[in-house]
Amino acid sequence: MPKKLLHRKQESYRILIESVKDYAIIILDPQGHIISWNQGAEQIKGYTADEIIGKHFSVFYTDKEKTEGEPERNLREARKLGRFEDEGLRVRKDGSQFWANVVFTSLIDEEGRLIGFGKLTRDLTNRKKAENEIEQLTTHLEERLQKSETEVFDYKQALDEAAIVAITNQKGIITHVNENFCRISKYSKEELLGQDHRIINSGYHSKAFIRELWVTIASGKIWRGELKNKAKDGSYYWVDTTIVPFLNEQGKPYQYLAIRSDITKRKAVEEELHRANEELENKVRERTYELTQALEREKELNEMKSRFVSMASHEFRTPLSTILSSMALVEHYTEPEQAAKRMKHIDRIKSSVKNLTNILDDFLSLEKLEQGHVDVRSTEFDLKEFLTDVTDEIDGLLKRKFQTLHLHIEGDTSLCQDKKILRNVLLNLLSNAIKYSPEEKQIWVRAEVTGEDAMLTVRDEGMGIPAEAQPHLFSKFYRAGNAVNIQGTGLGLHIVKRYMELMDGNIRFESKEGKGTTFILEFPKTITS
Amino acid sequence: MKTILVIEDNDEIRENTAELLMLHRYRVLTAANGKAGFVLAKSSTPDLILCDMMMPETDGLYFLKQAKSDASLQHTPIVFLSAGTASPVVQKKLVTEANAFLKKPFLEEDLLRTVEQTLATGQPKTT
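Protein chains in written order, with my numbering: chain A, 1 to 529; chain B, 1001 to 1127.
Chain B extracted, bound-state conformation (with noise of 0.2 Å):
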């Protein structure tokens, strides 16, 4: 059974995400925020990261680099959860970084899709 860490700081979001992961048979851990997503991802160590781009405080672009910068978690596939609106420096980093894109707001069969496939190539995305 594979682990996934869903980090988005929307209640609803974050809830109704990870309970569809789970209805999926994935273990699901979750964050609010870019920093006590990194907490728990060094602590857990999952298959996969889902990680939404804005959030307070600590957004996608910090856990990225923070994840990156980690000899554990260097190599853990990231999707990033978007709404599109992220300037164009920021996307272009990301395209190079970042596993795999999902944007707002998701169909169910999307966000399965996304994942299998990234778990799957298992191949991450080199920095």
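Isolated chain A, as found in the complex (with noise of 0.2 Å):
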């Protein structure tokens, strides 16, 4: 290079060198002695150029280095490795004592000569005061944050211990259960971490409330309720629950916490006493019914009962009214040709006993009857004969109205059947059927055996039943109501019907008000005692 060009080199690194304030660049001879000091020298270590130049660069040292060699150390260092990096305290005009990083530099010229050596050094007290005050608050945070985690630990240990605990990631995986979690599940950890929270789905929650629950918490809100889950073994327990969602920086929920707690004997105790109230109402709706059935059956009762007095009074009285009258007569004919007189009114009374008697008989059947003590005695007879015995009997009483009556019959008349209750159930409806005929009206008795079958009817041109009345003319003391004022028990048809299931028969009957009435008895031809 041409000295000049050298020169103007040198004095621009000078000038650059010189400008330098927050380093000290200082040059020192082969020897250390300071040959350059720019302004960061002086204003790190406080010595002006004519104040330091010449010195020896020992002086920025300490005493216990001084005395150890350090400084002629760096320099030989300095030497063997051409470049040579060192922090350690310095000290500066005024005494006070810096911490300091340094570079030594050897300085060769062309010919590998060593001219000197160049010295950068850094203060690096502010670093230090930095990085003293970093390990400080770093120290503080620790403990601080140890503090915190501790405390963390802590709560998490009661919770653990008092509830049962999950986490789920945003998904709905399970990243972590406690024991308590374990033990009402009936999973082990192992099968839960990493499964859907749905592996204990009861499917007893509606679609709607399970929809509710993730919608609440995935806009970050906390949800309580009662849920029913499934444990491994299948059976159902009940947890109260609440789910915190942790939101991260977005505020979006990247964690649940279910809290729960056991409710199974709660909701058990609920569900018994639900169960327990239905099984009241049931019961309760079971003796209502039961109680107005049995109300009902006593109406019933009263009403017979009533039927029974109204009927019993004037069936009484009207034959009772006759003997009175009948004997107040017989007092007034005392005379010897009033003999016919007597006589008449005396069959009267006999006839009225005789009819009370018959009433009271009725009664006293329906007894037999109901308790069961009326046997079927059996034996034979020809249907033909005792049909005209029948007819004959109650001929007097067609004769008082005017009447007549019609007898067919037809096929093998010999029977064998109860004689006795036959013609009881004959003669009620044949007096039925004059009873309830105006005069001059007509009866037909058709009597038809079929292979082991008989069947009897009875036919009047009557005043007919009642559509009202037809279905209770067979229960105890009724009377239809066009039947009212004509003398009757109510219990004619109601014995015919028992005798007949007696014999082993039915008996129903066809009826049209205002038009008459057809009776028909059906009963096996032969039946055994």
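It should be emphasised that the hints constitute simulated quantities derived from the structure, not laboratory data.
This one's a predicted model, so the numbers in the text were calculated from it and none came from an experiment.
Keep in mind that the hints are not guaranteed to be accurate.
[Said to hold, decoys possible] Below are the DSS-like pairs computed for lysine-lysine, each with C-alpha atoms no more than 27 Å apart in a straight line:
#, chain 1, residue 1, chain 2, residue 2
1, A, 186, A, 228
2, A, 305, B, 1093
3, B, 1092, A, 305
[To be verified] Quick list of the computed label-pair ranges, beta carbon to beta carbon:
#, chain 1, residue 1, chain 2, residue 2, range
4, B, 1044, A, 423, 44 to 52 Å
5, B, 1101, A, 510, 37 to 45 Å
6, A, 427, B, 1089, 31 to 39 Å
[Unchecked claim] Output of the computed footprint for chain A on chain B, the stretches with three or more beta carbons under 8 Å from beta carbons of chain A:
#, region
7, 1034–1047
8, 1106–1112
For every residue, glycine included, the Cβ atom is placed at its ideal position computed from N, Cα and C.
Build the complex: two chains, separate frames, hints provided.
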């Protein structure tokens, strides 16, 4: 390089070095004396250029280091390595010490001869101060963190002890469960971690309910409620549940903490109570129905009793009236020539007594039938003969009302049945036909025996049975509305029906009010006693 | 001689009653039901009517209604014969409109006394 150019280059470097304020850049001669001093050096070490140039650089070292030969060692290192970096304490002009970072560079000319050293010194005081502060802060922070962590751990323990805990990620995958969770769900930790939380789904809750739960927690809100879950063995348990979403910096949930307590027992009690209530209500309903039924029956019985009392009163008074009046008349006819009149009334009294007795007998028959004390006694007899006898018996009654009876018999007329019962039945039906038909009307009796069955019909042109009376016709003491003023106990047909049952037969009728009635008897030709 | 009309469906009671009354010098007419009784009453205008309550087809109540709405009969005294089984409604009506009652079975004395008293007062009950 031409001398002029080199000189300019050197001059440029010198200006550059001079102007640096933050770093102390000094040049030492090979022995360590200071031959160059910049602004930075003045700033950091406190000496002006005039004060320090020519002095040995060991003046910057502490007494201790000076005695240990540290400066010379540094130079030797620099010369050996070409570059040597060191950190240590240096001394300022005012005696104050500071921490410095020093870089020694050995300066070699073109021939390789050492012409000196370059020394770059940085004041590390600020950095050190900052480093210390950082260390302190870090320690402090660490302590606080430690404290927090301990506290959190304590809370977590308490929670784990007290409650059933599970944590799922935002997708619902289980990431943590505590002992209690495992115990109640009967799954092990391994079986639960990594599973979708739906593993404990019981299917009890509606889709809407579950959806509402997810919407709540997904939006970052806490959900509280009662859930029914299914354990590993298929059994169910109820838990009072609080689900807390943990939010990230964007406010979105990244995990859900579910805290639960076992309320299965309480739920069971509630269910039991509910069931018991329902059962009770059912029982009450049943009882009410039973009572209503009983009340109905009671009412029916009362009505029947009223009918009976009403009927009995009338039925008894009529023959009694005849007896009393006939008695009075007999007392009047004391003359011998009035014998015929006397007899007439005495006969009247007798027949009235018989009348009363018949009524009483009806009552007794009914009682016997109801107690099951009537025996069926079958005898062989001819139906034709039998019917002729019976119709003869009621001939007097027919004549009184100018009525006529027609008899028609078909088939094999030899029967083996209870003659007495059949007679009672027929007499009742015939007397009814007469009683409830106006004068001059006709009555038909028809008998048909086909195979093993016998059928008897009694038809009249009488007042007929009103529609509303028909269902009750065979009831005890029942009188049809249009028959109320006609003498009758209301027992006849009831007894007839029972008699037919004893004969293994049945009775039915067809009737139209104002037109007439037909009674149909069906019974087996043969019956054994 | 007073005329009594006896309306009663039971043959024996009707005949006996008529007989008893005749023995006590009353002229007696008889009918077996309300309708026949009314016809007979109109044509004979008796001094007293003895009428049974319970009769088939046309009963005592029917006869009462007919008689009270008839000009010639509405003042004729009526004595009802009852077996005491009439409903309270019916009984109430009878009490206001009939002159007297005779409960069956009745003694001869009671029959006569009732007849005499009713004829004597001559006061028919107002409708």
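Outcome of the hint check:
{"no.": "1", "hint": "A:186 <-> A:228", "in the structure": "holds, 15 Å"}
{"no.": "2", "hint": "A:305 <-> B:1093", "in the structure": "holds, 25 Å"}
{"no.": "3", "hint": "B:1092 <-> A:305", "in the structure": "holds, 23 Å"}
{"no.": "4", "hint": "B:1044 <-> A:423: 44 to 52 Å", "in the structure": "holds, 46 Å"}
{"no.": "5", "hint": "B:1101 <-> A:510: 37 to 45 Å", "in the structure": "holds, 42 Å"}
{"no.": "6", "hint": "A:427 <-> B:1089: 31 to 39 Å", "in the structure": "holds, 37 Å"}
{"no.": "7", "hint": "1034–1047", "in the structure": "violated (count 0)"}
{"no.": "8", "hint": "1106–1112", "in the structure": "holds (count 3)"}
Hint compliance for this structure: hint 7 alone is broken.
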